[in-house]
Structure formats: C-alpha cells, structure tokens
Amino acid sequence: MALGSSRNSIGADRQPIEMLSTSGTVSENYGPDQCGSENIVSNAQDLETPPHGPQSDEPETPGPRSNWKIFATMLALSLALFISALDQTIVATATPTISSDLHSASGYVWIGGAYLLANAASSNIWANLSDIWGRKPILLTAVALFFVASIICAKANGMPMLITGRGIQGIAGGGLIQLITITISDLFSVRLRSLFLGLIEFIWAIAGALGPIVGGAFTQSVSWRWIFWINLPVCGTAFVLLYVFLDIHNPRTPVLAGIKVVDWWGSFSMLALIILLLLGLDFGGATFPWGSPKVICLIVFGCLMSFAFIYSEKKLAKYPLMPLGVFRNRSNVACFLLDFTHGFVYLGAEYYLPLYFQSAKESTPFRSGVLILPFVLTEAAFSLFSGLLIHRTGRYLEIIWAGTAIVVLGVGLFTNYSATSSLGKIVGYQITAGMGCGMLFFPPLLALQSNITQANTASATATFGFIRNVAMAMSVVLGGVVFQNSMDMRQDGLKAAGLSSSLLAEFSGTEAAANVDAVRAVQDPTQRHAVADAYAWSLRNMWIMYACLAACGFVASVFITRQHLSEEHVETKTGLKEKQPMLEQ
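For the sequence shown, the positions run 1 to 585 when full-length UniProt numbering is used.
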C-alpha cells in the first residue's frame with residue numbers, strides 16, 4: 001500500500017512532478033564546479049521524458065524510466081533489503097536453540113555478531129566496487145552471494161560452519177544495504193528520495209518486526225534451519241527483477257582494469273581494524289581478563305590499523321573507500337556521530353529485548369517475538385511518517401531533534417524493566433523508544449547528502465552506512481560483554497539462593513545467554529525468581545550503556561545545520577572514465 005501511494009505521487013498525479021522540475025539550478029544545489037561530466041536532469045525528465053541536451057552515445061546509459069519500471073525496480077530493491085534486514089533479527093529468538101542444538105554456548109554472541117561484523121567490514125568495499133564496475137552488476141553479485149551463504153547456514157553441521165555462513169551472509173548483506181541506498185540516491189533528487197528512503201526504512205523495520213516472530217515460529221514448529229531456507233525464493237525473485245528492470249548507468253569497466261584500481265590497502269586495513277578491535281572488545285572481561293596480553297594486543301593493533309587506513313586513503317588510494325574530506329565539515333561529523341549512536345542503540349534494543357523476554361519474563365521464543373512487536377512496528381510507522389513529512393515540507397532538522405530526545409527517554413525507561421514488569425510497561429516503553437528510533441533512520445543521511453555534491457553522494461552514503469554497521473556490530477558485542485560481566489557479578493547472590501553448582505555454571509556470564517530455557521526448569525520458586533532477577537539486573541546495566549549513547553546522539557544533533565533539500569537531480573555515472581574528474585577536484 002505504501003509503495004502504491006509512492007508510485008502515485010510520482011506518476012499519476014502530475015502536479016508534484018511539475019513543481020519538482022522547476023525549482024533550483026545546478027549551481028545553487030551542487031556548486032558551480034562540482035558537477036563533473038554528469039548530465040543534469042529534473043525528476044520529471046528522469047521519470048517521464050528523455051533528458052534535454054545532447055544524448056550520450058554510450059548504449060549503457062539509461063533512457064526514460066516509466067512508472068512501471070520504477071515500481072518494479074523499487075519492488076526488487078525492497079525484496080533485497082527485506083532479506084538482509086530480516087537476517088539481522090530473525091536469529092534473535094532462535095539463537096538459544098541454535099546454540100544448544102550445535103552444542104556451543106560460546107557461539108551465542110557470534111551467530112549475530114559474525115553477520116554484523118562482516119556487514120560492517122565489507123560495506124564500503126561494495127560501494128567502491130560499484131563506483132568502478134557500476135551499481136547493477138555489483139548489486140546482482142551481492143544478491144547471488146547472499147543466496148549461496150543462506151544455503152551454507154541452512155546446511156551447517158556445527159557452529160564453525162554456521163558462523164562462516166553467517167559471515168558470508170554479512171558480507172553480502174553489507175553490499176545489499178549500501179547499494180540499495182546508493183541506487184535510490186542515484187535515481188532521485190534529495191527531496192524526492194526522502195519519500196523512497198522512508199519507504200525503504202519502513203520495509204527494514206517491518207523485516208525487523210517479522211524476524212523474531214518468524215525465527216521463533218520456525219524454531220518451535222519446524223526447525224531453525226528454515227530461518228535460512230526462507231531466503232532462497234526471495235533472493236531469486238529479487239535477482240530476476242533487478243536483472244530485468246534496474247535501468248541505471250553501466251560503465252562496462254573491463255575486469256582487469258577495475259582490479260588494478262581497487263583500494264586494496266584501504267580494504268585490508270579496514271577489515272583488520274574492525275576485526276581486531278571487535279574481537280578484543282568481545283574477549284575482554286568474558287573470555288579473557290581485560291589485562292590479558294591477547295585482549296590488549298587485539299585492541300592496540302586494531303587502533304593502530306586506523307592510522308594505516310587513514311594513510312592509505314590520503315596517500316595511496318586512487319579510488320578511496322572513504323572520502324576523508326567529508327569529515328572536515330562540522331555538520332557532517334555530527335551526522336556521522338548521530339548515525340553511530342542511533343545504530344548502536346536501535347540494534348541493541350532489537351537484539352537484546354528478546355533475551356529479556358525469554359529470561360527474566362520466561363517467554364517462549366515465539367512469544368518473545370510477539371512481545372517485541374510494539375518496538376519494531378512503531379519504528380516502521382514513524383520511519384514512513386518521517387519520509388512523508390520531509391517530502392512534503394523539506395524540513396528534517398526538527399525531526400532529528402525530536403527523535404534524539406525521544407530515544408533518550410525511551411531507552412532510559414528500559415532501565416526500569418524487571419522480572420515483575422507489567423505488560424503495560426513492556427509495551428509502553430517500547431513504543432516510546434520505537435518512536436524515536438524510527439524518526440532517525442534516514443533524516444541524518446539526508447542532512448549529510450544535502451551538504452555534499454552528487455558526485456560524492458555514493459562514497460559519503462557508503463561511509464554513513466559503514467559507520468552504522470560498525471555501531472551495530474559493536475552494539476551486539478559490547479552489549480554481550482556488559483551482560484556477561486554482570487551475570488558473573490551475580491554468581492554469589494545465586495549461590496546464596498541455594499542454586500546447585502551445575503545451575504550456577506549454566507547461569508555464568510559466558511553461558512547465561514544460551515541457557516534461558518533453564519530458567520523455566522528451576523523448580524524452586526524462590527530460586528527461579530533469583531535467576532530471573534539476575535538476568536533483569538544484568539540487562540539493566542546494558543540499558544544504562546545504551547541510554548548514555550542515546551544522550552550522546554542528542555548532543556551531536558545540536559550541531560547539524562539546516563540545508564535546502566534540492567529538487568534537481570543529477571544522473572550519476574560510474575566507471576573509471578566518469579570518476580576521473582571528481583578525483584582531480
């Protein structure tokens with residue numbers, strides 16, 4: 001229904017198109033020297049009629065896009081995004097069962113963490129490849145890779161194989177998330193894309209809502225392996241639709257020529273930075289003491305790789321993964337900081353609320369998926385609402401300010417969750433937090449895109465997505481660290497309640513997340529309440545951390561400046577020849 005209304009707003013109703021095509025000049029919206037060799041077209045021309053002026057003699061340059069082609073393209077992009085978003089949360093309710101079935105309690109965090117870690121590490125690389133070889137072939141590659149990775153996960157006979165498959169899924173998912181956002185930014189003006197980005201984020205949130213429910217239902221009724229089998233028909237449909245209908249500039253860059261200019265040093269240093277740093281944070285205090293040489297070396301060398309990455313981007317890379325110049329603007333930096341805090345907080349809520357429901361509230365996996373619906377459905381509704389409001393008014397700053405304030409309030413309320421919290425509190429607090437999180441999915445990205453040239457939009461958008469992905473990966477890992485350390489701190493209290501040595505081991509920091517079913521197995525009511533209270537207390541410490549990060553996001557939002565959302569569109573061209581003028585600026 002939402003997609004249909006979006007389609008009508010750009011096709012059947014001609015008046016908005018005419019309004020969009022008459023405002024702003026190229027120099028006003030992008031700067032007189034920043035357009036390179038791109039062809040300037042209006043939204044109306046882009047959607048209904050061929051652009052004016054000399055036509056390119058390249059056969060791969062897109063022609064006029066009909067409403068039907070836009071509909072099919074957006075459907076394909078939505079399906080591809082849906083499976084990527086679904087796989088971030090679908091394992092949340094099934095992870096305890098998967099860990100038990102594969103006999104690996106230590107793999108609990110990494111079933112989700114491997115996906116998010118690989119997602120974060122690969123996102124900018126996908127964007128770089130799409131700049132060289134074009135969006136369409138690289139996007140199709142990401143869909144195909146996700147298909148293969150889903151088969152690996154579904155056939156996993158042990159935790160190492162599953163984590164490997166999840167890592168490959170994360171790599172492909174990083175490409176899907178980044179390239180879909182970049183493709184929409186290539187197709188529409190800043191003002192019009194707010195509508196489609198709102199729709200995409202709505203679908204993202206709906207996938208997040210369905211994930212825990214679908215995961216819980218499959219886990220209880222069929223098998224957790226169907227969590228991954230379900231991806232195959234969706235991947236296949238998205239691949240066919242993208243292959244047939246995605247009409248976007250294709251530079252047809254020769255493979256060998258493209259390989260020579262890939263930012264290999266930047267890619268390697270980025271991967272090393274993220275993997276070393278997150279492994280160090282994950283091991284610290286849980287697997288090894290914080291003062292352990294292993295933890296110290298991982299964190300120190302991870303930080304050192306950041307300097308190697310910066311040097312590579314400034315001195316070595318001809319086509320850098322990350323445009324460092326975008327960080328020279330204070331408003332842009334504020335957008336990135338808000339992006340980080342938002343990704344950290346909202347993913348932490350989606351990932352760890354089911355743990356609270358299954359442990360402290362003793363819910364089944366399916367019921368925990370139902371209980372998180374108020375949060376994710378509110379996210380979806382307010383994300384779509386934000387897109388419609390920005391499209392109508394062109395104002396985004398007020399939405400950002402309101403969203404950050406509400407997130408601080410909502411996540412702060414999570415700290416009141418206990419083993420005896422009522423259903424009203426559970427639902428009400430989630431709705432509050434979901435409102436704020438939903439309002440912050442893409443307005444900071446629009447604030448960033450309105451402050452840069454169209455030629456730099458893809459790389460800046462990729463950087464934005466990279467920071468969000470890093471935040472989400474860190475959220476799962478650091479949230480797990482806080483939870484595990486807190487559960488260890490409650491061992492004496494559980495021992496005083498009379499729990500046996502075997503139960504104490506099951507509820508220790510490294511084992512507790514994978515043994516939530518054991519809470520219901522405790523027969524003595526007093527002991528069961530002590531265990532549930534230990535889970536709730538440990539999660540409360542984690543919510544305090546998330547509330548502090550949300551407050552940092554509120555402070556960052558104050559420094560974001562207001563910019564005009566351009567209604568003119570630049571038809572983005574990719575490839576080595578088209579990128580050369582931008583590199584020389």
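It is possible that some hints are incorrect.
Straight line, CA to CA, 30 Å or less: simulated DSBU-like cross-link-like pairs of lysine-lysine [claimed, not checked]: (1) Lys136 to Lys294; (2) Lys155 to Lys69; (3) Lys425 to Lys136; (4) Lys260 to Lys294; (5) Lys69 to Lys315; (6) Lys318 to Lys425; (7) Lys318 to Lys260.
Derived CB-CB ranges, DEER-like [said to hold, decoys possible]: (8) Pro137 to Phe327: 26 to 32 Å; (9) Arg562 to Ala521: 17 to 23 Å; (10) Val222 to Leu304: 43 to 49 Å.
Note that these hints are calculated values from the structure, not bench results.
Backbone N, C-alpha and C define an ideal beta-carbon position, used for all residues, glycine too.
Hint-by-hint comparison with the structure:
As the CA atoms of Lys136 and Lys294 are separated by approximately 42 Å, the hinted pair breaks the 30 Å bound. Pair hint Lys155 plus Lys69 does not hold up; C-alpha atoms about 37 Å apart against a cutoff of 30 Å. For the given pair, Lys425 sits about 46 Å from Lys136 by alpha-carbon distance, which is inconsistent with the 30 Å threshold. About 36 Å separates the Cα atoms of Lys260 and Lys294, which puts this hinted pair outside 30 Å; it is violated.
For the proposed pair Lys69 and Lys315, the alpha carbon gap of about 42 Å is over 30 Å, so the pair is violated. For the hint linking Lys318 to Lys425, the alpha-carbon distance of about 54 Å lies beyond 30 Å, and the restraint is violated. The hinted pair formed by Lys318 and Lys260 meets the criterion: a straight-line CA distance of about 10 Å does not exceed 30 Å. With their beta carbons about 30 Å apart, Pro137 and Phe327 fall inside the hinted range of 26 to 32 Å.
The supplied range of 17 to 23 Å is broken by Arg562 and Ala521, whose beta-carbon atoms lie about 56 Å from each other. In this structure the hint that Val222 and Leu304 lie 43 to 49 Å apart at CB holds, the actual value being about 47 Å.
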